[in-house]
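K.L.:
What follows is the residue order along each chain.
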Amino acid sequence: MKKRRGISTTGVIIAVVITVATAAAVVVILRFDPTGKGGSGLGEQFVYDSEQYRKTDPNLIHYKELKPIETGLKVARGIAVGPDDAVYVAGDRKIVAFDRDGKSIAEIALGDPPQCLAVEADGTIYTGMIDHVEVYSKGGRRIAKWPSVGDDAIITSIALSDSDVFVADSGNSVVLHYDKAGRLVNRIGQVDKERGIPGLLVRKPCIDVAVENGKVLWVTNPGRWRVESYSFDGAPKRHWGRQSQEIEGFCGCCNPTCIAVLPRLRQAQSSHGWLITGEKGLPRVKICDETGCLRSVVAGPEAFAKGTVGLDLTVDSRGRVLVLDPVAKAVRVFVKKDD
Amino acid sequence: MRRLIQFLIVLTVSASVAFAAAKLPTWYNLPETTTPAPQSDIFEYIDVAVLAAAMALAAYLALKRRSRRGLLALTIFSLLYFGFWRGGCVCPVGSIQNVTLGLFDSGYVVPATVIAFFALPLLFTLFFGRVFCAAVCPLGAIQDVVLVKPLKVPTWLAHALGLGPYVYLGLAVLMAATGSAFIICRLDPFVGFFRLVPLGKWGQAIIQDGSWPGWDLGGRFNLLALGACVLLVSAFIGRVYCRFVCPYGALLRIMSRFSRWRVSITPDECIQCRLCEDACPFGAINKPTRRKNVSRSEGKGRLAALILLLPVMVAVGGWLGGRVSPALSGRNPTIRLAQRIRDEDAGKVKGTTDAAEVFRESRRPVVELYEEASGIRREFLLGGRLLGAFIALVVMLKMIRFSIRRRRDDYEADRADCLACGRCFAHCPREQARLKRIREGK
Amino acid sequence: MNASGTDIRYRASVACAVVAGAFCVIVCAGLIQNYFHSDVSDPLDSEQFVALKAKLQAYPDDEQLKSEVRRMDLELRREYFRSQAFGVRGGWLLLGGIVVLLVSVGAAVGCRKTISAPAPAGDQELAEVRAGTFARWSVAAMGLVILGGATALTFITPTEGFPTAIKHVEKPPSLVVHFPSDEEIGRNWPRFRGPGGLGISAYTNVPANWNGKTGEGILWKTPVPLPGKNSPVVWGNRIFLTGATKDKRQVYCFDADSGELLWQRDVTNVPGSVAKPPVVMEDTGYAAPTVVADGQRAYAIFANGDLICFDFAGERLWAMNLGLPVNMYGHSTSLAMWRNLLLVKFDQGGEGEGKSEIIALDGLTGREVWSKPRPVPESWSSPIVINAGGRAQIITCGNPWVISYNPADGAELWRAKCLDGDVAPCPIFAGGMVFAVNTVAVLAAIKPDGVGDVTKTHIAWTAIDGLPDICSPVSDGKLLWLMETYGTLTCYDAQTGKTVWEKDLDMEFNASPVLVGEQIYLTGIDGVTIIIEAAREYKEIARTDLGEKVYATPAFMDGRIYIRSEKNLFCISDAKR
Amino acid sequence: MSEQKEQPDLTRRDFIRSGVRGALLAGVGAATGGLLARSRSGDTVWQIDPEKCIACGNCATYCVLKPSAVKCVHAFGLCEYCEKCFGYFDLDAPDVETGAENQLCPTGAIKRRLVREPQYEYKIDEQLCIGCGKCVAGCGQFGMGALFLQVRHDLCINCNECAIAAACPADAFRRVPADKPYLLKKKQ
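Chains as they are written, first to last, in our numbering: chain A, 204 to 542; chain B, 399 to 840; chain C, 27 to 603; chain D, 2 to 189.
Just chain A, same shape as in the assembly (with noise of 0.2 angstroms):
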């Protein structure tokens, strides 16, 4: 009681101490961040960047946008032209058709959902569900359903010439050749190491087909990171490609998802063997000409969402790209800057 008259040391330390101590408290509980606002704080060094890749050097760009084609799908999965440039995607349990201006014209109701589809010039739809092909008519009804591929089998493209269907079984990692009727003629792309066949490689079921000139099927090789030709016996004659992050390259671990075939357009212009190749995890498509150089790019990641999986493509007779955004749901259109 006597301390009170006079003020101790003992106290003022105490007093200090305490001072400080609620003072540095205070702050403790205000630099607390409960809520994650001010993110990880961790260094730059455990941020994982690939933004310097998602941007594309705007000379090489040669294509420009046009209106898409909302296809009103919840899940959209393949795209194919049909006769008069119309447009056909699957998706949701249904095709859905448009004309050569994006107007509907029309709306199969499936049974299952479709992965991919591909359409004749006389207007018959093969569309690819998981594990079986079925055939509709112009009309829509169905004329055939063909037997299942096996319990592995994953369908995920489709391509005609004028008397064989190429169907891709991303599941078994095969092309499947069928005759119009639908038996079974040969097995494509399966190793041969005396042919020079390495076998396709897949990481997700992404193998895409595609036939030019009624002659040549062309596959992708995604964990090759190239494309392969094939005659329709089976017999290999060409690939190209490689991994890179950069736009010459296939980028990730597995691409390219999808390609399609440029037409000759031009007498002046030889575009023979030129594919358009579609990516995903870095989603961009590109042109490469018959050797794998990069000719063009039609549109690079900025264009799409990112995360984008699942890209479709595929031309129609006047050059236009068409690209099933997945995410978007709709159908892009990428013309020439020029036209």
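Among these hints, one or two may not hold up.
[Claimed, not checked] Some chain C residues well away from chain A (every beta-carbon gap over 10 angstroms; in silico): (1) T271; (2) K302; (3) G523.
[Unchecked claim] In silico lysine to aspartate or glutamate, EDC-like type, Cα no more than 20 angstroms apart, as pairs: (4) A/K240 / B/D741; (5) A/K306 / A/E273; (6) D/K181 / B/D439; (7) D/K186 / D/D50; (8) B/K550 / C/E154; (9) D/K53 / B/E759; (10) A/K540 / A/D519; (11) C/K524 / C/E563; (12) A/K277 / A/D295; (13) A/K258 / D/D93; (14) D/K187 / A/D354; (15) D/K186 / B/E430; (16) A/K509 / A/E449; (17) B/K685 / C/E154; (18) C/K443 / C/D495; (19) B/K746 / C/E186; (20) D/K85 / A/E449; (21) D/K53 / B/E755; (22) D/K85 / C/D87; (23) D/K187 / D/E52; (24) C/K302 / A/D287; (25) A/K306 / A/E268; (26) D/K181 / B/E430; (27) B/K421 / A/D395; (28) D/K187 / A/D355; (29) A/K418 / A/D382; (30) B/K421 / D/E118; (31) D/K112 / C/E101; (32) A/K277 / B/E759; (33) A/K396 / A/D436; (34) A/K348 / C/D435; (35) D/K112 / B/E430; (36) B/K421 / D/E84; (37) B/K748 / A/E254; (38) A/K240 / B/E755; (39) A/K270 / A/D304; (40) C/K381 / C/D446.
None of these hints come from the bench; they were simulated from the model.
Computed from a predicted structure; not experimentally measured.
Every residue, glycine too, gets a C-beta built ideally from N, C-alpha and C.
Add chains B, C and D to chain A, keeping to what the hints say.
P.N.:
For chains B, C and D alone, coordinates are given in the frame of chain A:
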């Protein structure tokens, strides 16, 4: 925005598609992902049993045995067991939030052990006073063992700061009831310490597979810093967290006020020797009242005025609480997200946040988010009004209490404030006499 | 009291506490220094290292640079682990120090602890009063602080609300296969000629007198936008009709109580729909086939092969084109349903061309469930679905076969060769017997329990009097009536095939007769309806005139008759408006 | 101030007190009883839903423990054993070999081992992993998503409210039954 989202999987291809994995050589055994099991929930039931036993023991030691030494030993045991072994979770203090959320959200299931942790100390307090605070609560224990030189906090200041627990309790209940946050857990100052020495981790590793996980220490710097500050203060101001912050303490105070039995300073009768006057480091000893010539009419007028003022202040508090509710609702993640989205869309803020980007990627309609947010805002409006009214009520009741002069003839431990720590026993000459009798009796 | 002993202990404790305290301070300082030195947990966040890596990007093949990066990486990591180990060791030392400090301070305080003598009590009463006042004021002040803080908070945080909009509720698709019960079907008029396609009304309380000109007995009258020969179909309070011209096809839904046109939908955007109009006769038109409804959806087919499905709300569910029918009058076979299956009898082409077929589609999705080719050329007769011989059967008429199918899988059950010509009247089923008829052929009574070709075994009798070419027969199981287009009504004994009576009504008929209890309603093209007794003798009960041309068979519901005239849809009811 | 006057006063107070005590007892009993009736004894623990996780890095720094109880785990069944693993190699790695200049993980916590050309096994050294999620982002963006973050329950002390959950921008944390404490990615 320093760090944008780099990474969003759009499941378009893989959805509903079975896909075979890599074809590996046959000799290769696919490694299993190791998945160490969590602590068995048997431990939780053991914890409940230990809690009950510890409180029973504390009640015995404080009320019957009157042993400060025993209580201290129990305090250290509780600190080791509930603090360092269990990591300070779940404690009764935090369980307030679980129980609140359980009462307001029928979809939230409160585990039985948490309910037991919430209810047992309350029930014990209702019968034996705050024996839980005395020697069982690990938060109290850690402050108790570092209490070196208790200073007297002036009573008026202690009373003013005593509002803290009620405000904190109200806020915590509001946040928990609206499902916004468990703020008590977020601001718990001692978890850092409890987790610094990972007794539980060691024990678990040894029990489960006989391994020794190493001498590593855990705990975050900021948590440790907060804990260190609080401990430093509580070296001089006894149990600063318990008295001026702890929301569970507010509940226990209410219970303790009506407890069946309680700690008494003297074992038999008070001889008014005044030796215990300064014995309590927590300022919980009340002196006897002496009323002789104070005019009661003055006090009566004030009391009447305060009682009349009570409903007015409660209404004002409620109104103000409603006004504050939008600010409080900012702690709710949904509200925060909705505000962010709204401001981004209105161009009020630049860039985006991870949460906003995730929301946009989810393609959930914004209107739905806004509606949900508006709903939560309405809950907060109601909750804020109740909170404001509650705080006003507490303030007014406290003021009314100080205007009523109670008659007290002896030195007594305050019913609400007494933590049953038993420090005052030794100060009482009657107790000394009792001890002597016991010694001699033996 | 051992003062000196206590003193020594006290001093020792204090010394110990001071040493422990100093130790703690030093360790603490070291730890803090270490913490800020190692900075969070990022060993590679060294500027030098980052620069080195960036340089390597520029010269990816520089081996020396690579080894430099590796060396530095190793060094940084070693430093990081060293610092971590330091932190752990320091932590333990600090903990030990704190424990020693606490114990020694506790001991020191314990030594000095004396029960101090209480200070002299001053004016206790005054102190008490003052303490109460102080406490009151401090609590009040704290309350004010809270109040002020809260008020300040209201000013600094925005209270802006959230924009609102009307919530769009998407209805979940129903995946359960649902089809109406026989009882539900019986209460409605779901297809051409009512439940089962037999031309028998379930209700007998229908009006017998009306006048289209004066409006007497007419509850409402609503114009139908496009022409069509199809008959009204009624389910609950909805009436379905179709109308079509050469290049336009529509489906209508009317409200049965008010006659209001609830919705009308253009049939466009059908995949493969042929722009070229089909060849039709004026008798038939472009919308001859009658709609079928199943309580949730209505299905319509048109002369060009467009087949479409709407739900009752008018939402289009699916559509397809079956191909332009090769059919000289125009396609006019009405649709039928069995459970959830929509049955399309699609007879076309000439004899032996093999173009005809019968198709069953899943009503919900339009997916084909089965289809069977039919060995008949084009025909117009609509199929019926019956339960006979312990099984469900689809009965179809063609030239020359009457064929029965299993509706579940399309398997043929039996066939009988008895018809000829352009078959238009529908078959009926009465008294356990299937009756098929066509002009130029016969009226045949066929027992429906056979298998395979039953021509020789199951035809009970045939007759040739008064054979119709458009109107379908009607029978109560005992008697059977045939209505010939030019008004000759023939009554047969259904069991024996004997002609009971014959009556020339001197009117033209396209609509088929309908049996309503003990009476038969006969509606002629000129709009006159004759009501006769369904008895072994001809007896006319009433004759009433709509005043407009009628080609379609009326629909009979509870207390009401719905008649489609050339331009309008009438609801006839005794109940006055 | 006689004894007689005191006596009834005290008993009245005691009476009120025991009344209130009874009321409080009933209140606590009702609340806990109601909750107990609903509570199922099944224990729950915190876990990250890998489908929601965006690998933002908060797990590394918001855990009350240091190092964090969240670590990267590897679902080997999903892994394609790529030679160029995007969880192992830096995006702009100059080469496809194990040199420090190529590695993505800032703490060097991923170990690479040849299985058979061109297949490589990648294993997480959990002693080194701090749960920053950098490899998770790489594998998710370009690979199979076989690397993902999980709460390791030998480390986690199962806070009442997980501090990381409160700070998770993707709302990826949730309580799961303790007998199924992991949400591992599986072959779909």
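K.L.:
None of the hints should be skipped; say for each whether it holds.
P.N.:
Each hint, compared with the structure:
1. T271: Check passes; 21 angstroms lies beyond 10 angstroms.
2. K302: Given a closest Cβ separation of 14 angstroms, the condition holds.
3. G523: With a cut-off of 10 angstroms, C/G523 remains clear of chain A, as the shortest Cβ separation is near 42 angstroms.
4. A/K240 / B/D741: Between A/K240 and B/D741 the Cα gap is close to 15 angstroms, so the pair holds against 20 angstroms.
5. A/K306 / A/E273: Within the cut-off at roughly 10 angstroms; holds.
6. D/K181 / B/D439: Distance of about 13 angstroms is within 20 angstroms: holds.
7. D/K186 / D/D50: holds, 9 angstroms
8. B/K550 / C/E154: holds, 17 angstroms
9. D/K53 / B/E759: holds, 11 angstroms
10. A/K540 / A/D519: Status holds; Cα separation ~16 angstroms.
11. C/K524 / C/E563: Holds, because 14 angstroms separates the two Cα atoms, which is no more than 20 angstroms.
12. A/K277 / A/D295: holds, 6 angstroms
13. A/K258 / D/D93: Cα-Cα ~15 angstroms, so holds.
14. D/K187 / A/D354: Holds, at roughly 19 angstroms.
15. D/K186 / B/E430: holds, 12 angstroms
16. A/K509 / A/E449: holds, 17 angstroms
17. B/K685 / C/E154: Answer holds: B/K685 to C/E154 is near 9 angstroms, not above 20 angstroms.
18. C/K443 / C/D495: holds, 18 angstroms
19. B/K746 / C/E186: holds, 13 angstroms
20. D/K85 / A/E449: holds, 15 angstroms
21. D/K53 / B/E755: holds, 12 angstroms
22. D/K85 / C/D87: Given pair D/K85, C/D87 holds - Cα atoms ~18 angstroms apart, limit 20 angstroms.
23. D/K187 / D/E52: Within the cut-off at roughly 11 angstroms; holds.
24. C/K302 / A/D287: Judged against 20 angstroms, a Cα distance of about 17 angstroms means the pair holds.
25. A/K306 / A/E268: holds, 18 angstroms
26. D/K181 / B/E430: holds, 16 angstroms
27. B/K421 / A/D395: holds, 17 angstroms
28. D/K187 / A/D355: Between D/K187 and A/D355 the Cα gap is close to 17 angstroms, so the pair holds against 20 angstroms.
29. A/K418 / A/D382: holds, 14 angstroms
30. B/K421 / D/E118: Measuring from Cα to Cα gives roughly 12 angstroms; hence the hint holds.
31. D/K112 / C/E101: holds, 19 angstroms
32. A/K277 / B/E759: Roughly 15 angstroms separates the two Cα atoms, so the pair holds.
33. A/K396 / A/D436: holds, 16 angstroms
34. A/K348 / C/D435: holds, 16 angstroms
35. D/K112 / B/E430: holds, 16 angstroms
36. B/K421 / D/E84: holds, 14 angstroms
37. B/K748 / A/E254: Distance ~19 angstroms between B/K748 and A/E254 Cα, so the pair holds.
38. A/K240 / B/E755: With a Cα-Cα distance of about 14 angstroms, the restraint between A/K240 and B/E755 holds, given a limit of 20 angstroms.
39. A/K270 / A/D304: holds, 10 angstroms
40. C/K381 / C/D446: holds, 18 angstroms
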